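Peer 1: Protein chains in written order, with this note's numbering: chain E, 50 to 421; chain F, -13 to 145.
Please note that the accuracy of each hint is not assured.
Facing chain E, a subset of chain F residues (Cβ under 10 Å, in silico) [claimed, not checked]:
no., residue
1, V58
2, M64
3, V71
4, D113
None of these hints come from the bench; they were simulated from the model.
If you're wondering where the values come from, they're calculated on a predicted model, not measured in any experiment.
Glycine included, every Cβ here is placed at the ideal spot set by N, Cα and C.
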Amino acid sequence: MAELRTEEMVLNMGPQHPSTHGVLRVELVVDGEVVVDAIPHIGYLHRCFEKHAEVMSYQQIVPYCDRMDYLGSMNNDHAYVLGVEKLLNIQVPERVEYIRVIMAEFQRIASHLVSVGTYGLDIGAFTPFLFCFRDREMILDLFEMTCGARLLYNYMWPGGLSHDLPPGFVEKARAFIKHFRPAIKELNELLSYNEIFVKRTANVGVLPADIAINYGASGPTLRGSGVKWDLRKCEPYSVYDKFNWDIVVGTGEMGTLGDCWDRYMVKVWEMEQSLRIIEQALDTLPEGDVHAAIPKRVRPPVGEVYVRSESPRGELAYYIVSDGSQKPYRVKGRAPSFSNLSLLPEISRGYLIADMIAIIGSVDITLGDVDR
Amino acid sequence: MNANEIHDRIKDHFPEGVVEFKSEAAVDPFIVVRPELIRDIASFISSDPDLKFDYLMSLSGMDFNDGNLGVVYHLFSMEKRHRIVLKAKLPKGEAQIPSVESIWKSANWHEREAFDLFGIVFQGHPDLRRILLPDDWEGHPLRKDYKAQEYYRGMKVPY
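Next up, chain E with everything else stripped away, as it sits in the complex (with noise of 0.2 Å):
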């Protein structure tokens, strides 16, 4: 049998397969069973954001910035923001930077929540699934009390913040930090550790460290290959260093370093850790007046910026370069899914197609974030 010949066929995967979280095509090529090479095919949800970006306004350019990853629209809106309001050097006040960490790391969990759910969906368990997206819908709830969007919220300005909190926020978002504690435990039985899950998982689509820095992986994909690398602790923004929490990495609990499981299972983790700085956000908030440093017109001196943040994703970085008009030259939006898809290749070779679908999964991309 080991010499009977086999020949190398093409196999599509994509544009539309419902596993593909987005509009992606692997260009498989097998042998038999087993992948031999994968090539993703991006560019179906290409929007322009960077040549729109150089039509408008630093202020017009936030709503856009909430498309990029549609999932963890928040998070985009806090890197953008924070990139304009270095580049015209202003403070805000502590309560914009307090709410914008607590929107922020509400926008991890319920991104977090949709990539867990999905994945538990593509590896068959339709259960965790709608769990997730329960809790997903109450964060979502939050968000739609602040600020009326539930989605694309174009909630950070530069400068400030569009709403304050609204009264009762606090209350509910303690109440749901109750409910989800307990939740995530749920979740761990019903799905983590699901002997299946864990057979599917385990030892699939390993990624070493050194590949994955060589590759500008970053985020949840980093961490999974044992990478303590996480910029709200390594390069503190906004007021991340006054909380106190951990980073989560991969250990190969359930097989080896780096798999998809662990992969999987940081950012199970890294939900409670969101959850504790969210308390303690929530029990240090400091008064203030959120629109008190929002300017007027932003026109900021000529210079340029590259300013990273830790997205659901990873590393989401904008570098904004400024010709001291009002319209910036260029925008140019480093998107974590990018650089996690492109070593995409690297973790499929040698494993079979059925593996393809925990591996795609595992890396967590949004289709928005990698194609702009």
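Starting from the structure of chain E, add chain F where the hints point.
Peer 2: Showing chain F alone in chain E's frame:
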């Protein structure tokens, strides 16, 4: 290391390679280097024990609007925890620069993006194709003198 020390270290090894250094640049300091030497410089700064730039955060194309295109490299060292920005200027008519894909794999897609949107050719890149736009798109949209094509496969483009 701070930007000044990093600059001195590169300058020691490539006295000809450094064109300009702005340590007082608003917000981020940067070093302008000679484009033809970029791969040698990249290879040096990624392996030098004092610099160890192992993480290419971002690679951006640029149109400086003075007849030059450019490439901007945002580099970081996971081990040393320092960062630097390298820039290379290329004349618009002949926008070519050696690829750094062999040093940082993350450059692969970023260089394809710069090729796609700016038309910068990266010499020695293993797979230089358009990445975000369709293969048969005309022109490079982020150049400041870009004019959108009239029709794309029978569809009117400017709206």
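Peer 1: Confirm or reject each hint.
Peer 2: Consistency of the hints with the structure:
1. V58: 7 Å, holds
2. M64: 6 Å, holds
3. V71: 7 Å, holds
4. D113: Check passed: Cβ of D113 (chain F) comes within 9 Å of chain E, closer than 10 Å.
Against the hints set out earlier in the document, no violation occurs for any number.
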